[in-house]
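Trainee: Put the complex together from the two separate chains, hints included.
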Amino acid sequence: MNVDGLREMLQSGKSAEELLHSIFDKIERSKLNAFVTLAKESALEEARRADKHGAKGMLGGIPIGIKDSISTKGIQTTCCSKILEGYIPPYDAHVIERLKAEGAIIIGKTNMDEFAMGTSTETSCFGPTRNPWDLNRVPGGSSGGSAAAVAGGEIPLALGSDTGGSVRCPASFCGVVGLKPTYGSVSRYGLIAYANSLEQIGPFAGNVKDVALLLDAISGYDPRDSTSVAKKCEYLKELRDDVSDVKIGVPKEFFGEGIDEKVEKAVWSGITALEDGGASYTEISLPHTKYSLAAYYIIAMSEASSNLARFDGLRYGLRLGKDKDWHTTFSEIKAQGFGEEVKRRILLGTYALSAGYYGKYYLKALKVRTLIKRDFESALKDTNVLITPTMPFPAFKIGEKMGEPLALYLADVNTVPINLAGVPSISVPCGFAGKLPIGMQIIGRHFDEATILRTAYAFERGMT
Amino acid sequence: MKEVIIGLEVHVQLNKLRSKLFCSCSTQYHDSEPDTHTCPVCLGLPGALPVTNGKAVDNAIKVALALNCNIEEWTMFYRKNYYYPDLVKGFQISQYDYPIATNGSISLDTEDGERAIRIKRVHMEEDPGRLVHVGTIDKSKYSLIDYNRSGVALLEVVTEPDLRTPKEARLFLNKLKNILEYLDVFDSSLEGSLRVDANVSIAGGKRAEIKNISSYKGVEKALLFEIVRQNNLVRRGVKVVQETRHFDEVRGITISLRTKEGEEDYRYFPEPDLVPITIRDRVDDIKKTLPELPDAKRQRFALQYGISDNHAKVLISELGLANFFETVATEVDANLSATWIADVLKGELNYRDLDISAFSPAHMVQILQMLKKDTITEKGAVQVIRTLLDEGGTPSEIVKRKGLLKIAADVSENAVFEVLAENPAAVQDYHDGKDEALNFLVGQVMKKTRGRADPRTVSKLLKEKLQNAPDNHREA
Numbered sequence: 001m002n003v004d005g006l007r008e009m010l011q012s013g014k015s016a017e018e019l020l021h022s023i024f025d026k027i028e029r030s031k032l033n034a035f036v037t038l039a040k041e042s043a044l045e046e047a048r049r050a051d052k053h054g055a056k057g058m059l060g061g062i063p064i065g066i067k068d069s070i071s072t073k074g075i076q077t078t079c080c081s082k083i084l085e086g087y088i089p090p091y092d093a094h095v096i097e098r099l100k101a102e103g104a105i106i107i108g109k110t111n112m113d114e115f116a117m118g119t120s121t122e123t124s125c126f127g128p129t130r131n132p133w134d135l136n137r138v139p140g141g142s143s144g145g146s147a148a149a150v151a152g153g154e155i156p157l158a159l160g161s162d163t164g165g166s167v168r169c170p171a172s173f174c175g176v177v178g179l180k181p182t183y184g185s186v187s188r189y190g191l192i193a194y195a196n197s198l199e200q201i202g203p204f205a206g207n208v209k210d211v212a213l214l215l216d217a218i219s220g221y222d223p224r225d226s227t228s229v230a231k232k233c234e235y236l237k238e239l240r241d242d243v244s245d246v247k248i249g250v251p252k253e254f255f256g257e258g259i260d261e262k263v264e265k266a267v268w269s270g271i272t273a274l275e276d277g278g279a280s281y282t283e284i285s286l287p288h289t290k291y292s293l294a295a296y297y298i299i300a301m302s303e304a305s306s307n308l309a310r311f312d313g314l315r316y317g318l319r320l321g322k323d324k325d326w327h328t329t330f331s332e333i334k335a336q337g338f339g340e341e342v343k344r345r346i347l348l349g350t351y352a353l354s355a356g357y358y359g360k361y362y363l364k365a366l367k368v369r370t371l372i373k374r375d376f377e378s379a380l381k382d383t384n385v386l387i388t389p390t391m392p393f394p395a396f397k398i399g400e401k402m403g404e405p406l407a408l409y410l411a412d413v414n415t416v417p418i419n420l421a422g423v424p425s426i427s428v429p430c431g432f433a434g435k436l437p438i439g440m441q442i443i444g445r446h447f448d449e450a451t452i453l454r455t456a457y458a459f460e461r462g463m464t
Numbered sequence: 001m002k003e004v005i006i007g008l009e010v011h012v013q014l015n016k017l018r019s020k021l022f023c024s025c026s027t028q029y030h031d032s033e034p035d036t037h038t039c040p041v042c043l044g045l046p047g048a049l050p051v052t053n054g055k056a057v058d059n060a061i062k063v064a065l066a067l068n069c070n071i072e073e074w075t076m077f078y079r080k081n082y083y084y085p086d087l088v089k090g091f092q093i094s095q096y097d098y099p100i101a102t103n104g105s106i107s108l109d110t111e112d113g114e115r116a117i118r119i120k121r122v123h124m125e126e127d128p129g130r131l132v133h134v135g136t137i138d139k140s141k142y143s144l145i146d147y148n149r150s151g152v153a154l155l156e157v158v159t160e161p162d163l164r165t166p167k168e169a170r171l172f173l174n175k176l177k178n179i180l181e182y183l184d185v186f187d188s189s190l191e192g193s194l195r196v197d198a199n200v201s202i203a204g205g206k207r208a209e210i211k212n213i214s215s216y217k218g219v220e221k222a223l224l225f226e227i228v229r230q231n232n233l234v235r236r237g238v239k240v241v242q243e244t245r246h247f248d249e250v251r252g253i254t255i256s257l258r259t260k261e262g263e264e265d266y267r268y269f270p271e272p273d274l275v276p277i278t279i280r281d282r283v284d285d286i287k288k289t290l291p292e293l294p295d296a297k298r299q300r301f302a303l304q305y306g307i308s309d310n311h312a313k314v315l316i317s318e319l320g321l322a323n324f325f326e327t328v329a330t331e332v333d334a335n336l337s338a339t340w341i342a343d344v345l346k347g348e349l350n351y352r353d354l355d356i357s358a359f360s361p362a363h364m365v366q367i368l369q370m371l372k373k374d375t376i377t378e379k380g381a382v383q384v385i386r387t388l389l390d391e392g393g394t395p396s397e398i399v400k401r402k403g404l405l406k407i408a409a410d411v412s413e414n415a416v417f418e419v420l421a422e423n424p425a426a427v428q429d430y431h432d433g434k435d436e437a438l439n440f441l442v443g444q445v446m447k448k449t450r451g452r453a454d455p456r457t458v459s460k461l462l463k464e465k466l467q468n469a470p471d472n473h474r475e476a
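Quick note, the sequences are listed as chains A and B, same order. Take 1 as the starting number for the first sequence in our numbering and just add one per residue. Take 1 as the starting number for the second sequence in our numbering and just add one per residue.
These aren't lab readings, by the way, just hints derived from the structure by calculation. Any given hint might turn out to be false.
Said to hold, decoys possible - Chain A is faced by these chain B residues, among others (derived, beta-carbon under 7 Å):
hint	residue
1	44
2	79
3	81
4	269
5	273
To be verified - Just so you have them, the derived chain B footprint on chain A, three or more residues with Cβ under 8 Å:
hint	region
6	90 to 101
7	190 to 197
8	218 to 226
9	318 to 331
10	350 to 364
Said to hold, decoys possible - So the derived list for chain A, only partly shown, Cβ under 7 Å to chain B, looks like this:
hint	residue
11	71
12	303
13	306
14	309
15	310
Here a beta-carbon is modelled for each residue, glycine too, at the ideal position from N, C-alpha and C.
Okay, chain B solo, but in the shape it has when bound (with noise of 0.2 Å):
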């Protein structure tokens, strides 16, 4: 495989946001009847003007904060013109030359470390509509189109090629995502809310830019179908050509738009409807109101708490998981609050697709406790989680109703010795040498003891038992 060269082009819309970018719908249109949510600045009506959102720009230099960017003194919009049914104006109000933002970083953690991904720039523009069809784009005989979208904030965050593989790729966007909810910016479990272009190219071969992908998942798939595509190409002596692709979800693979990319000619020009906005005497008020971000976190959980890197990495990756994490170890052991969340609360939300939101920080404040006190068994604990995440309820009841209350020491004691008596030929076993036999005597126990007793003390008793007990055959 030669070596790939991946940038990405990356749309995001800043959803959290009440009011479109130039005007003040709402942009709470999810579930909304089409064109719902517009007005003559959004529909681009004649004479209707377009004024920039202040929280737009705001929210937008949060986030070149927090990805590291140089902000610049100020900052303008063009116009970029081209023609499609979404585009209302015939133009899309967009940044050209003065971005707001330039040459910023993320840290990813790749399989070969930690490296810096470079970040070319950021800058913002207005979405357009919705083109919706009946089947496929090709196959619908009419276009409709849903302008409650147009309008609304997007920011492009532009990489420069430094990722290498798809999985890289997808790295880059989680990390991206992770950041924007921390910052509060984004929300994205809504549909459109993110869009990506990518550009690959293997060693010295031309690039293909595959527009609009519209899912994490999706980038990756179709950077592998690309890769492999061009990889074919080379092995048949067949030059790649620079051109534009789409990216179809359903098939997995990527189709050609059109060769001899830059054929378009937007003829960018300043945006006479708008001023220049100066930014950088903004920055220092935002810089105040920046959250701690994902790579911070990670670092102060390691040092605050004493937990492991892989614990921290996992917890950090939802601002709302690190939450829960905090409001719990400051409850009970940090350690074992990092384990029983990273490892098994986090695996069951996976399981049945949930959010953190749906488990509270008091019951796991409560497990982890009777665990602590050794009142339930590690299993028992597991069975409490996936009751409450399954048929809810509190955990001393769900104790009590399931009786996972563990079982005194005493008690577990006398079952040992039952068992012994009633298995000789299993000690006979284990006395001689066959280690399985003494996991099926703590199956017995458990058996006995209808899974209360805790499976790590009934082996200890085991063993303490069989070795003090006269090895009856050896003496005979």
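Chain A on its own, in the form it takes in the complex (with noise of 0.2 Å):
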């Protein structure tokens, strides 16, 4: 299910509302759990306008699901908490009121871990998403919904967040393509924060060249987000079946201890094939990469524990019924409203900003981000891309990690790092392990999306 499919079948006569009806039933037999809500009325509403006075905009009558992160006027959004049980966001965030200028169609919310705080969609007050190439597997997270409903087919566009690879893990292990833009980018206005200074909305889809274009859509100035910055191009117009002129950097650090020998092969084949495409590679060092989990964990935790202080139900969200004095209410909504993996990372938070620890983390992970900001810019001054793994095995089994938090933070090792730096980075499928899809990164230069589409558009081409 690609958008040049959907918008031949709408242009040959089958109606959106119809081409709806469809999507919501293969969603609601599903097995998958992608969808936590499904905003059908809004959504078959919407699609009756495009039938009756024709699909407008770059992506009209097309069907999309949103992270549950990413607030949506009038639909439940709930970041997968059970603190946000019930809230039903009075605005748009501003990629959503791109979507609806461009006609895209809302379809509902999908799942996700608890606040974007995991790597396998298991931590979501709905239960985990399941991996369409092996139901027992994760899909990777926290965007793990997104890409699971595209990689299951159901619908061919999906936002995700992507705070330390959010996108492209599930991507990754789904096996579609996710894009975590430039920092500033895209705006984050409606976004609801886990760590602010990481995270960007990224799109998904089946092919890049769809990306492309859902990148166009939502990509842009906005003046209500002090990060935002105005677009360098057009993506989708940007897209050729030419590496010739690309420079590949292949830093070692990336493809150390932990990586899953199939997944090391076949990120060497893909590159191997770019090189058949006339780029060329050079092996690099990123000397500060060893250092990056540490900074960028203290950096997250931190700024969320800030961000999550104002969830006390006393506006908007879960209500226990009985009140008392305010800090018990809020202290007994905080205890039943928040999963473990967000407690853990509160708390974690709270203490690195404590008096006196201040400046023996946080200060030191805002440092190390310095420096490694400063790999990647001098690494990408003598290259244009850099290909790594996206993650450094394939999809585990449901279960299987949950119970090792410091395990499952060390599967961020080869995402995070271009957290820190903010530059853009893209998954692409690029082989199996068994049944299991492994995703190749192809990170670039700040606000240089285009060729890393570009590459990883030639990439696909090849491959198909």
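Mentor: Structure follows, in structure tokens:
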């Protein structure tokens, strides 16, 4: 299911309403648990309007799934946390406004790790999403619902958010394309924050072209986000099947210990394929990579501990019935509303920011972050893109790693440095380990999404 | 009394701005229904992001310049994390390291002369919502929260502990208010526009912080109470402990809130949603927009108009009053204007709790011109001013209606002759050296002329006549 195909269908007589009915049917029969809220009524209404007046915009009549951390006016948005049960935002996120302006139809909210904290979509209060390639396995996290819905053929497009790999990891585990844009290129207005300085909203699709299309729709300047930057080009127009000018850097630190052999092999053959297409490659080094996980978790948890303070059940979200004094009521709501992983990160973040520890942890993490940023800048001076495995291994079994939070944090080793540096990065399927997909990560210079999309596109064309 | 050390942290609302600090919501919320001036940003709804109001930064720079501060190259916001029901996000966006300005001073006219009160820092932050209680906070069964105020731009001005008396603290606040109003960034008449935390200790002792005093008089009263309390403790040999206290405005006392200050840990860290703001490059442009400030105006008034420093001090205490004076002084004698505006008109306005805008400068000019031309008496002029304030009208119409036109000198002279003839006893008393007899005679002439004669002229005339008149008794 891709956008071109759907567009043809819609133009050759199938109504957008019919299309939606078949999609909702499929989702309701699905075993994936990719969607947590369906917006049937509003979606059907939009579809009927499109049928009546003709589909408008670059995504006219095309259905899309939205990660449950992105605010949608009138549609329950919970971050898959009990604490936001029943919260219906009174406003649309910037990206939702853009999608609506381009005629896309929001069909519902997709499953995720609670507050985007996780690598497996298992910490959702709605239960885990399943990987379409093997229902006993996780889809990756935290945007697992979005990736699985696209991979399972339920929808052509979805939005996720990527704080430390949350778009690229599930794209890799589910065998779809997922992009984390440059920090600042997509407005975060309306994205419920986990770790503000790291996260970006990112597109999912079954192919590179649709990802470029979706990025065109959602990126650009938004005055409501101070970190927002005007976009450089029309990404879809930049796609061409030519990588002869592309210089690839292969950072050796990303092929280190803990990388599955099959993954390593698949990525290397991907690099070779690009070389065959005219690209050149050199091995390079990003010397501070080994500190990135520690720095990432300090920064992410610190920001999260502050971001999640507002959820007290006072004006929206979970209510327990009988109110006591302020502090007791807030404590009880937080105790019941937040899951285990979220509590763990709030506690660690609070600790890291506490008097006396701020300099020891948070400030130090910021310094490491600067070093990592410089690593990327200097590596990308002589190269256009860097290529690495997205995840060190393919999708694991549901429940397999739930008891070992630290081991799970290590899985983010290849994706996290990219968020610290703020550069863009895309994951494209590059082979299989058995029947499980493997993702190749292509990292680019700041605001140079065009080159990584083009490289991914050329690779995808060569593969098929 | 031991030496007293006072430092203030003054929170002022930049309430002349049309929108809040981090969103475009209107700040004209006074007298509105609760929560009607709110949006996802100032309600802290999930996903909403702050964007700094550039005009607020400019106003803050203006204030910092007026307080002779050092403006930093760039500035940034931090999150101050703490729980309180009026705080929508669980943190307040404030400043910590890298405030907008540091190291300023205000020159204060204290009882022992001019003294500089040092300003430690000036920084910006957002106002929280407002808690409303039925009755008092400890008796109320529930708290209501109005979020209209949430996100309004606040400026915190922190002094060094340079103040020595509660009165100085009050003078400082008046001066600060004066400057803020000159800058047109602050309207002190709005509820909640100014809130003060006052730190006070007596020599060698620990300090108490009195939180959230919301009036100028309150600050003076709270400090007075606190100093007496601390002195009493010392006299009884009890050590003053470091603590945070609440000022109960109704009872006029301070109450302990918590001891061991500094127990809160605000977990400050840079606000990731806001990028640092370069400010130094704006300073030159903002400097050009700075108006003449109170101190400069006071000096200029004395120099340009030759009026007394005391008059100048009163006149500059309100921008409206100063402008009123200048308008009037260009038309009539400056010294006369200063006297009548600073001493008479200001007093009449204060008595009626009115603002200078209640009086027209054109009317003042007319009144002073009548005085100058001797067509009304000083007493008559006061009456015109009072009538204008209480009933309205125009000066000439009031003078006519109330018969205040000063009568001609010959009429006065006739009256003098009559009074002398009618009161031989008093004339005798005068010649016997009883000075009060003259006052009696003046009174009689005023009575005869129904107050329209000028008492000074009458007194002069009487003296002349009494001296020229033959002293019959002595001759005899």
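Trainee: Under the constraints set out in the numbered hints, which ones does this structure not fulfil?
Mentor: none
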